[in-house]
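Produce the entire structure from the sequences given, and follow the hints as far as they go.
Given next are the chains, with one letter for each unit.
2 protein chains.
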Amino acid sequence: MKLKVKNIGLSTGGPLIAILNKEDAINLDLFALDRVRLKKNNKILSAVIDIAEDHQIIPGYIGLFQEVVKKLKTHNNEILNVALQKRPASIKIIKRKLKDEKLNSQDYNQIVKDIVANRLSDTEITYFVSACYTRGMTLDESAYLTRALVKNGSQLKLNKKPILDKHSIGGIAGNRTTPIVVSIIAAAGFTIPKTSSRAITSAAGTADTMEVLASVSHPIKKIYSIVKKTNACLVWGGALDLASADDKLIKIEHPLSLDPKGILLSSIMAKKKAVNATHVIVDIPYGKEAKISKLVNAKDLQKKFTQLGKKLGMKVKAVITKGDQPIGKGIGPVLEAMDVLEVLQGSGPQDLRKKSLFLANELFKMVNHKPEASKILDSGLAYKKFLEIIKAQGGKKPKLTLASFKYNLKTTKAGKVSYIDNKEINHIARIAGAPNNKKAGIYLHVRLNSKVKKSQSILTIYAENKSKLNFAIEALRDSEVVKIK
Amino acid sequence: MKLKVKNIGLSTGGPLIAILNKEDAINLDLFALDRVRLKKNNKILSAVIDIAEDHQIIPGYIGLFQEVVKKLKTHNNEILNVALQKRPASIKIIKRKLKDEKLNSQDYNQIVKDIVANRLSDTEITYFVSACYTRGMTLDESAYLTRALVKNGSQLKLNKKPILDKHSIGGIAGNRTTPIVVSIIAAAGFTIPKTSSRAITSAAGTADTMEVLASVSHPIKKIYSIVKKTNACLVWGGALDLASADDKLIKIEHPLSLDPKGILLSSIMAKKKAVNATHVIVDIPYGKEAKISKLVNAKDLQKKFTQLGKKLGMKVKAVITKGDQPIGKGIGPVLEAMDVLEVLQGSGPQDLRKKSLFLANELFKMVNHKPEASKILDSGLAYKKFLEIIKAQGGKKPKLTLASFKYNLKTTKAGKVSYIDNKEINHIARIAGAPNNKKAGIYLHVRLNSKVKKSQSILTIYAENKSKLNFAIEALRDSEVVKIK
Chain A
0 MKLKVKNIGL STGGPLIAIL NKEDAINLDL FALDRVRLKK NNKILSAVID
50 IAEDHQIIPG YIGLFQEVVK KLKTHNNEIL NVALQKRPAS IKIIKRKLKD
100 EKLNSQDYNQ IVKDIVANRL SDTEITYFVS ACYTRGMTLD ESAYLTRALV
150 KNGSQLKLNK KPILDKHSIG GIAGNRTTPI VVSIIAAAGF TIPKTSSRAI
200 TSAAGTADTM EVLASVSHPI KKIYSIVKKT NACLVWGGAL DLASADDKLI
250 KIEHPLSLDP KGILLSSIMA KKKAVNATHV IVDIPYGKEA KISKLVNAKD
300 LQKKFTQLGK KLGMKVKAVI TKGDQPIGKG IGPVLEAMDV LEVLQGSGPQ
350 DLRKKSLFLA NELFKMVNHK PEASKILDSG LAYKKFLEII KAQGGKKPKL
400 TLASFKYNLK TTKAGKVSYI DNKEINHIAR IAGAPNNKKA GIYLHVRLNS
450 KVKKSQSILT IYAENKSKLN FAIEALRDSE VVKIK
Chain B
0 MKLKVKNIGL STGGPLIAIL NKEDAINLDL FALDRVRLKK NNKILSAVID
50 IAEDHQIIPG YIGLFQEVVK KLKTHNNEIL NVALQKRPAS IKIIKRKLKD
100 EKLNSQDYNQ IVKDIVANRL SDTEITYFVS ACYTRGMTLD ESAYLTRALV
150 KNGSQLKLNK KPILDKHSIG GIAGNRTTPI VVSIIAAAGF TIPKTSSRAI
200 TSAAGTADTM EVLASVSHPI KKIYSIVKKT NACLVWGGAL DLASADDKLI
250 KIEHPLSLDP KGILLSSIMA KKKAVNATHV IVDIPYGKEA KISKLVNAKD
300 LQKKFTQLGK KLGMKVKAVI TKGDQPIGKG IGPVLEAMDV LEVLQGSGPQ
350 DLRKKSLFLA NELFKMVNHK PEASKILDSG LAYKKFLEII KAQGGKKPKL
400 TLASFKYNLK TTKAGKVSYI DNKEINHIAR IAGAPNNKKA GIYLHVRLNS
450 KVKKSQSILT IYAENKSKLN FAIEALRDSE VVKIK
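Here the protein sequences come in this chain order: A and B.
With numbering that gives the first Met the number 0, the residue at position 115 of the first sequence is 114, and numbering never jumps.
With numbering that gives the first Met the number 0, the residue at position 167 of the second sequence is 166, and numbering never jumps.
Hints are computed from structural coordinates only; laboratory data are not their basis.
Take these hints with a grain of salt, some might be off.
The list cannot tell twin chains apart, which means a pair is met if one copy fits it or any two copies do.
[To be verified] Taking lysine to aspartate or glutamate pairs in the EDC-like style, the calculated list, with each CA pair at most 20 Å apart, reads:
hint : residue 1 : residue 2
1    : K395      : D99
2    : K465      : D377
3    : K85       : E423
4    : K101      : D350
5    : K260      : E100
6    : K314      : D299
7    : K260      : D99
8    : K85       : E473
9    : K91       : D258
10   : K160      : D377
11   : K101      : D139
Here is the structure:
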């Protein structure tokens, strides 16, 4: 059937979607979410169709979203040949997974390929996520999915061994150990090309924090040169597109806050595999307000990381750490960068220093190197290395300032800190503007079991304007973030 | 946050969707598929948001799809108050179902309520369908879902007992027993208010066939008067909106051709419950090319129908019938209407006559009435009743004609018919134009085990134009629709 293009002028943010009038859909024997093959000269593209209920698309026309217009290089009123198109190969595979069949390496590769090429609709990806969640995934399946994610993204191929890496499953406010660990490891002469994410639900990710000091979005060529110069990098993984199907899976998981364990494992390991890591330390914090609240679950995850690493030819050590309160004092990009700089210069929050040294030493042990993290840190070599990395990434000698609107929360009585609500602190730091307002966030003056006097500062909120500060203060009043007994 | 309306001028076909610029989404701490509360004076509406990746929605604006514009009665540049909105109650319920919890009556009611009110996105409905499919549903759950569907749609409340009804799970070409059964039952003085669907994947539904003879879309008030006059009706269920969440579930099931049994059962039974049926006969055809190909599955479904009926306070008898070939000779709306009229006048395809009499007698037995179907049919009372129903629904004395382009498929050798591909016949009738071209379809001259001579007509294809006829002939050549041994 020949139809005229109507450029809808909207993008979908991914999927290739076309809209047909009901009448034309009937003539083509098509239903909503079926696919059509669009042909223009020798260019062929497959799109998922939606059916217009009213008169926005009249018969004889086909409405195209931006993604389709661009890919087909077409324009208003151009005539396309439109025909029913078979469903992509992954559909049958997803259905098999829903039926509780185990999938093989080719299956996962096909699914990821189709997701990356925008050949699957949100509904179809949802079925996949849902199947992985309800049916579970074997470790083999997680390995297949990991390899598929790596294969269909770009990779960092350094001709070196060993390549070290580090990951935290997150969920703890502050906890900015990565820049410290990377600096120590690289200062000892090991290669550690670290890619990190931006915050999704927290007040800062390593990429957000690093961005305070240097650029974190670099093309892959530049990353090679940064690593060559410094043995390391501290960049945003997204710019690399190392595992591009990942973002789409995360989007689909969001509405129900689902995190199918098999997908989670694959998503993490794919980012390690994409930089060709050989030795990886994984930090699994657990605690009441952490991502993992039960020790048995933390142990299960620990085992799975190690086993999956083995299947992927990586040595992975997962350590379970205490996650009952924030690590470090700053929560928010600049506040966390300040903690990191202080620790690297020999002072700073002791819990952040300790945890960073522990993780660095675990990595040293994995490559049979002496656990000399504190020596490297105290000698100033790690700080020197960190400045090198900042410089290689286009940053300058750091000079940091905080947001100018602030509020001090004080104790109403003397006593001992018995509880710190890690999740709520994250939440309030976000309301104050973090991570997008880099200078916003929370400075935490106390630790668990700190003895406090009456009217002593517990925490300070920083915000870039009065209204965000007020919103944060309001949220603070609604919840008991720090308990004193 | 205050944002200006930009009317996108597109509809979504259901869900309430708004589009934000990335910057504004960040300031509201919102992700794609989150919800916002839109406020205009005292009007409040909840919408799912999508995030614009490019410049189609600039900061300070909110793009609204038609459905939202209409419900809010807003227009371009009007200022709305936009705030983060909690997820609807069903989200947590759906997640519990994904985790394999059994849901209760309130749970299903909440989900259906939210679907009907367009409060759930496609992704969220997909999670629900997927959970029902992978986790299964108990009979109690099917009963809860049935009641929820009925409660959230409109109902036909006839102050009578018994109310008879009939359903076929479909999949057999032709098989237009409903108008015959309804006419016989109503002629015997029983009430049988039949609502039917249009074809989804077949060449004709009962609603498509009846539409050849009379109008099938009537407001509920008119349906009451039709039933009052004739004891019966033969109308399209969709016009009644008897179970309106159903269409949305079907749309979501389509891409993977899923049919979670629990949802299927509920969807069928809801339509019976919505007309307050007390006695229901269900036809389950099984055969190689039928919907149900294994006897064990047919028997399982049979049991479930009866049990579910009991839970819903309905007497349901499900019969397993032979589904190894089409029933009747016509496949397509007019062709099937011709078969029906012939049978009602004492001639016509014998298999259609026999099956209709069988189903009518089963219904009679259910209400302890003598099984006098053939007497009523042969006396002409059923035909008279049918004409009454047609008249009450605004139709005239039928005069039917077929599409003028036709093609005869002939045998190439003498022998016996050993196989008729029911699915393929349906498919080719659709390619020829059925059900949208009412006069198009297939007339089948032979039955299984018919003895045929060389060059005898096997089937005739009818189409309304040359190109559709040619497409159908092409499809016919690609497959062996009728095998001769």
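Hint by hint, which ones does the structure fall short of? 1, 2, 4 and 10
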